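Protein chains: 2
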Amino acid sequence: MALATVSKKSGMVLIKGGVILTLNPADEIIEEGYLLLQEDKIEKVGGRREAPPDHAVDRIIDASDSLIMPGLVNTHTHAAMACFRGLADDLSLKTWLDDYIFPVESRFVNPEFVYKGTLLAGLEMIRSGTTTMCDGYFFEEAAAQAVMDVGLRAIVGKGVIDFPTPDTPDPALNIAHGKRFLEQCPSNSRITPALFCHSAYTCGPETLQKAKEVCRSSSIPFLIHLAETEDEIREIRNRYGVSVVRHLDRLGVLDEGTIAAHCVWVAANEFSLVAKKRVRIAHCPESNMKLASGVAPIPDFLQNGIPVGLGTDGCASNNNLDMLSEMDTAAKIHKLCRKDPTVMDAKTVVRMATRGGAEVVGLDKEIGSLEPGKKADIIILDLKQPHMTPIYNYYSHLVYSASGHDVVTVLIDGRVVMDNREILTVNEKDAVTAVGEIGKTIKRRTLG
Amino acid sequence: MALATVSKKSGMVLIKGGVILTLNPADEIIEEGYLLLQEDKIEKVGGRREAPPDHAVDRIIDASDSLIMPGLVNTHTHAAMACFRGLADDLSLKTWLDDYIFPVESRFVNPEFVYKGTLLAGLEMIRSGTTTMCDGYFFEEAAAQAVMDVGLRAIVGKGVIDFPTPDTPDPALNIAHGKRFLEQCPSNSRITPALFCHSAYTCGPETLQKAKEVCRSSSIPFLIHLAETEDEIREIRNRYGVSVVRHLDRLGVLDEGTIAAHCVWVAANEFSLVAKKRVRIAHCPESNMKLASGVAPIPDFLQNGIPVGLGTDGCASNNNLDMLSEMDTAAKIHKLCRKDPTVMDAKTVVRMATRGGAEVVGLDKEIGSLEPGKKADIIILDLKQPHMTPIYNYYSHLVYSASGHDVVTVLIDGRVVMDNREILTVNEKDAVTAVGEIGKTIKRRTLG
Numbered sequence: 000m001a002l003a004t005v006s007k008k009s010g011m012v013l014i015k016g017g018v019i020l021t022l023n024p025a026d027e028i029i030e031e032g033y034l035l036l037q038e039d040k041i042e043k044v045g046g047r048r049e050a051p052p053d054h055a056v057d058r059i060i061d062a063s064d065s066l067i068m069p070g071l072v073n074t075h076t077h078a079a080m081a082c083f084r085g086l087a088d089d090l091s092l093k094t095w096l097d098d099y100i101f102p103v104e105s106r107f108v109n110p111e112f113v114y115k116g117t118l119l120a121g122l123e124m125i126r127s128g129t130t131t132m133c134d135g136y137f138f139e140e141a142a143a144q145a146v147m148d149v150g151l152r153a154i155v156g157k158g159v160i161d162f163p164t165p166d167t168p169d170p171a172l173n174i175a176h177g178k179r180f181l182e183q184c185p186s187n188s189r190i191t192p193a194l195f196c197h198s199a200y201t202c203g204p205e206t207l208q209k210a211k212e213v214c215r216s217s218s219i220p221f222l223i224h225l226a227e228t229e230d231e232i233r234e235i236r237n238r239y240g241v242s243v244v245r246h247l248d249r250l251g252v253l254d255e256g257t258i259a260a261h262c263v264w265v266a267a268n269e270f271s272l273v274a275k276k277r278v279r280i281a282h283c284p285e286s287n288m289k290l291a292s293g294v295a296p297i298p299d300f301l302q303n304g305i306p307v308g309l310g311t312d313g314c315a316s317n318n319n320l321d322m323l324s325e326m327d328t329a330a331k332i333h334k335l336c337r338k339d340p341t342v343m344d345a346k347t348v349v350r351m352a353t354r355g356g357a358e359v360v361g362l363d364k365e366i367g368s369l370e371p372g373k374k375a376d377i378i379i380l381d382l383k384q385p386h387m388t389p390i391y392n393y394y395s396h397l398v399y400s401a402s403g404h405d406v407v408t409v410l411i412d413g414r415v416v417m418d419n420r421e422i423l424t425v426n427e428k429d430a431v432t433a434v435g436e437i438g439k440t441i442k443r444r445t446l447g
Numbered sequence: 000m001a002l003a004t005v006s007k008k009s010g011m012v013l014i015k016g017g018v019i020l021t022l023n024p025a026d027e028i029i030e031e032g033y034l035l036l037q038e039d040k041i042e043k044v045g046g047r048r049e050a051p052p053d054h055a056v057d058r059i060i061d062a063s064d065s066l067i068m069p070g071l072v073n074t075h076t077h078a079a080m081a082c083f084r085g086l087a088d089d090l091s092l093k094t095w096l097d098d099y100i101f102p103v104e105s106r107f108v109n110p111e112f113v114y115k116g117t118l119l120a121g122l123e124m125i126r127s128g129t130t131t132m133c134d135g136y137f138f139e140e141a142a143a144q145a146v147m148d149v150g151l152r153a154i155v156g157k158g159v160i161d162f163p164t165p166d167t168p169d170p171a172l173n174i175a176h177g178k179r180f181l182e183q184c185p186s187n188s189r190i191t192p193a194l195f196c197h198s199a200y201t202c203g204p205e206t207l208q209k210a211k212e213v214c215r216s217s218s219i220p221f222l223i224h225l226a227e228t229e230d231e232i233r234e235i236r237n238r239y240g241v242s243v244v245r246h247l248d249r250l251g252v253l254d255e256g257t258i259a260a261h262c263v264w265v266a267a268n269e270f271s272l273v274a275k276k277r278v279r280i281a282h283c284p285e286s287n288m289k290l291a292s293g294v295a296p297i298p299d300f301l302q303n304g305i306p307v308g309l310g311t312d313g314c315a316s317n318n319n320l321d322m323l324s325e326m327d328t329a330a331k332i333h334k335l336c337r338k339d340p341t342v343m344d345a346k347t348v349v350r351m352a353t354r355g356g357a358e359v360v361g362l363d364k365e366i367g368s369l370e371p372g373k374k375a376d377i378i379i380l381d382l383k384q385p386h387m388t389p390i391y392n393y394y395s396h397l398v399y400s401a402s403g404h405d406v407v408t409v410l411i412d413g414r415v416v417m418d419n420r421e422i423l424t425v426n427e428k429d430a431v432t433a434v435g436e437i438g439k440t441i442k443r444r445t446l447g
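Chains as they are written, first to last, in numbering that gives the first Met the number 0: chain X, 0 to 447; chain L, 0 to 447.
It is possible that some hints are incorrect.
Identical copies go unnamed one by one, so any copy, or any two together, can satisfy a pair.
[What the hints assert, rightly or not] Each computed DSBU-like pair below joins lysine-lysine, with the alpha-carbon atoms no more than 30 Å apart: (1) K364 to K276; (2) K346 to K439; (3) K442 to K338; (4) K346 to K276; (5) K209 to K178; (6) K383 to K442; (7) K338 to K439; (8) K439 to K383; (9) K442 to K346; (10) K428 to K346; (11) K428 to K383.
In short, the hints are calculated from the structure, not lab data. Remember, predicted model here, so these are calculated numbers, not experimental data.
Using the sequences plus the hints, can you model the full thing?
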């Protein structure tokens with residue numbers, strides 16, 4: 000199933016010449032710096048003058064006129080849904096899900112679909128500077144294979160729902176299938192398996208509790224859509240008499256291993272509960288806008304010390320995976336809603352997309368900043384372009400001026416996966432053609 | 000002052016192989032089409048099989064795997080402010096204007112600044128698919144020169160304010176300077192001069208009326224910021240006892256020659272007045288979000304038959320000139336605010352950015368769609384990329400998936416100004432360096 004792959008790790012790599020945004024706890028910026036990598040890790044970070052001599056390393060990456068920063072962490076997506084990009088827009092969440100997404104999923108989603116869709120999404124992510132994603136979908140062993148082939152780092156969450164799904168036609172088996180996935184998921188240092196309970200309205204109390212139990216005993220993340228729409232709040236209140244946050248708390252599924260996506264409708268009187276339980280939040284502003292779900296109270300979450308990362312959501316509700324555009328939206332939407340242009344300043348948003356995201360997915364010891372000992376997940380952006388000129392503030396440029404296309408070179412786990420806009424891991428043309436064909440089939444069989 | 004220029008018009012150009020989004024009144028899409036250009040105009044549009052033979056034309060542009068559409072129309076910007084990109088963010092409009100923008104403008108803005116800044120902005124616009132801009136700033140004769148050199152089409156509006164400005168230190172002379180500008184503005188088929196009264200709070204009634212009179216007698220557009228913030232509404236009501244819309248109406252400055260930017264705070268009971276007066280509106284959602292100004296009631300304007308175009312505003316309040324990103328925001332923000340994901344569908348937004356914008360700037364007979372007889376202002380986007388795959392709906396891709404970087408080739412007035420991402424009109428590197436230097440000077444003298 001794998002498209003052609005190329006893979007070679009260098010021993011020592013020196014990146015030099017550019018501006019380094021370390022995103023370390025002191026938010027250090029090194030105007031002309033260097034990074035020394037040893038295999039998959041960062042060995043040293045410093046000013047160019049202290050860099051080792053060129054002959055001491057195996058490879059030199061010249062980052063002149065460039066910005067060097069940690070790879071972006073996309074804390075919530077459904078990568079394989081790239082195959083549905085643009086299939087159904089400008090619709091209500093209910094119509095979109097019930098009349099388009101669920102029906103096409105039941106007809107077309109299989110391991111090959113998930114592999115090809117995830118591979119395409121992985122390419123789009125790498126091209127736009129994402130080095131780690133937190134994914135939730137079906138046939139996640141195929142997603143994991145695509146992640147390994149394309150060179151990404153990922154949390155791969157196997158979908159769990161209380162109705163028939165493409166990979167679990169009998170929902171009574173969903174926990175068993177979840178356990179089986181954890182056993183069968185390819186073992187790789189770049190992959191963390193997880194379970195993804197779709198939501199409290201598609202998973203009953205028992206499913207939620209059992210899935211969380213499995214996650215706890217395996218020390219893996221538990222992913223869920225939480226408080227995405229007002230309808231969800233209403234429905235859960237009708238069924239269980241409490242808000243969805245309190246419902247999940249009662250079931251005991253809220254803790255630091257739970258990554259909750261959206262959290263648009265978390266009430267003010269629940270902030271301290273969410274903070275106390277150390278729940279991690281994936282903020283997806285573009286999806287929430289496009290589906291008219293609302294705006295999550297992110298400034299409040301941050302003020303309460305709740306870890307927040309940024310996510311694009313799936314391509315079917317965004318419709319791209321460009322984290323830099325998402326950062327722009329995240330910075331602007333809260334200013335508008337709070338009637339306060341000083342909230343969610345550029346630096347806060349860049350942090351959220353890097354070390355904030357790393358904390359949300361539980362990998363903050365390994366990724367999220369450029370510091371010695373951390374994994375070499377690094378992106379390099381071209382600053383010498385009209386829309387990046389002049390330069391007063393790097394954070395501002397990243398959030399308000401840049402887009403994913405400004406990323407030219409990407410390293411993940413010390414491996415150069417994109418070099419000066421050329422993908423080195425898989426055959427990109429074949430991957431694009433493969434999903435193009437899936438799209439043609441779906442279009443022919445559904446839209447006419 | 001001009002950087003190196005190259006300029007050559009071909010006689011007959013054939014564009015073939017791509018999907019043509021005509022944006023004609025029937026919104027025709029030609030799946031595999033051709034466009035025949037003669038000098039500055041479109042001669043024919045049709046299906047590929049009816050295309051003239053290759054040997055009959057002077058040049059062929061192969062647009063396979065591409066989308067061909069009319070150039071985008073940016074209905075509101077301050078191009079030279081590209082020099083201030085990222086200088087001051089995450090601030091209130093008042094602090095931003097009074098403590099940053101106005102002071103740096105008074106110190107640094109001169110004809111050279113405007114030329115270089117506009118040239119850079121022009122490059123950014125061309126790179127991201129904008130072929131026509133409606134500009135308002137100081138020393139607009141220098142802006143016009145940059146527009147001519149870079150190859151853009153533009154409305155260049157000379158700024159008029161009742162306080163000392165870089166080009167009119169004595170505000171008593173602002174109307175006289177406005178008239179002089181109209182006489183001295185370089186004559187070029189791609190340039191329409193205009194006057195730009197900054198706002199009703201920076202221009203008194205007499206200035207507004209006199210400026211409008213000049214515009215009327217010369218049949219040129221009158222540009223103004225209108226109802227941008229709640230503060231503006233309050234201030235005008237305090238001074239004149241009515242809303243700013245009614246204030247301008249009383250002064251007689253509202254008609255089809257008036258291009259009003261923002262219009263966030265136009266009240267529901269003013270929609271019919273604005274419609275009746277045939278005022279044209281430039282919608283700048285990203286700037287309005289970033290400055291926390293609010294959201295303009297665009298769906299209502301459209302329902303009332305008011306012409307609406309899209310604008311980026313200046314780089315200091317956005318901070319880029321990417322109309323494709325602006326389209327994405329325009330589609331999403333109204334869904335959120337109306338709690339209705341069906342409003343502002345993708346096709347509506349694409350129309351707004353093309354023929355809608357052309358109507359707003361008064362050039363709808365010449366540009367805004369790909370139809371025989373219209374000017375050859377054409378952009379070509381690369382569809383063969385991960386984030387543009389698969390394809391179900393072209394409008395959706397443009398609005399929700401694409402960004403300005405997907406534009407590969409741009410023709411304006413029949414001239415290829417960017418060919419496969421290479422700028423052909425001016426030396427881009429020099430233009431970037433020039434504004435980089437301006438930025439360094441400003442940074443040294445103000446921030447450091």
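Here is what the structure says about each hint:
Taking CA atoms no more than 30 Å apart as the test, K364 paired with K276 passes inside one copy only; the shortest distance there is 20 Å, against 62 Å between copies. In this homomeric assembly, K346 and K439 come within 30 Å of each other (Cα to Cα) only across copies, at 21 Å, whereas the closest approach inside a single copy is 42 Å. Taking CA atoms no more than 30 Å apart as the test, K442 paired with K338 passes between copies only; the shortest distance there is 29 Å, against 43 Å inside one copy. In the homo-oligomer, the alpha carbons of K346 and K276 lie at most 30 Å apart inside one protomer (26 Å), although the nearest pairing across protomers, at 44 Å, exceeds that limit.
Taking CA atoms no more than 30 Å apart as the test, K209 paired with K178 passes inside one copy only; the shortest distance there is 10 Å, against 77 Å between copies. For a Cα distance limit of 30 Å, the shortest separation of K383 from K442 across copies, 18 Å, qualifies, whereas the shortest one inside one copy, 41 Å, does not. For a Cα distance limit of 30 Å, the shortest separation of K338 from K439 qualifies neither inside one copy, at 44 Å, nor across copies, at 32 Å. When the C-alpha separation of K439 and K383 is checked against a cutoff of 30 Å, the pair qualifies only between copies, where the shortest distance is 14 Å, while the shortest distance within a copy is 38 Å.
In the homo-oligomer, the alpha carbons of K442 and K346 lie at most 30 Å apart only across protomers (19 Å), although the nearest pairing inside one protomer, at 42 Å, exceeds that limit. With identical chains, the CA atoms of K428 and K346 are at most 30 Å apart between copies only, with a shortest distance of 29 Å across copies and 36 Å within one. Both within a single protomer and between protomers do K428 and K383 lie at most 30 Å apart by alpha-carbon distance, with minima of 28 Å and 8 Å respectively.
Consistency with the previously given hints fails for number 7 only.
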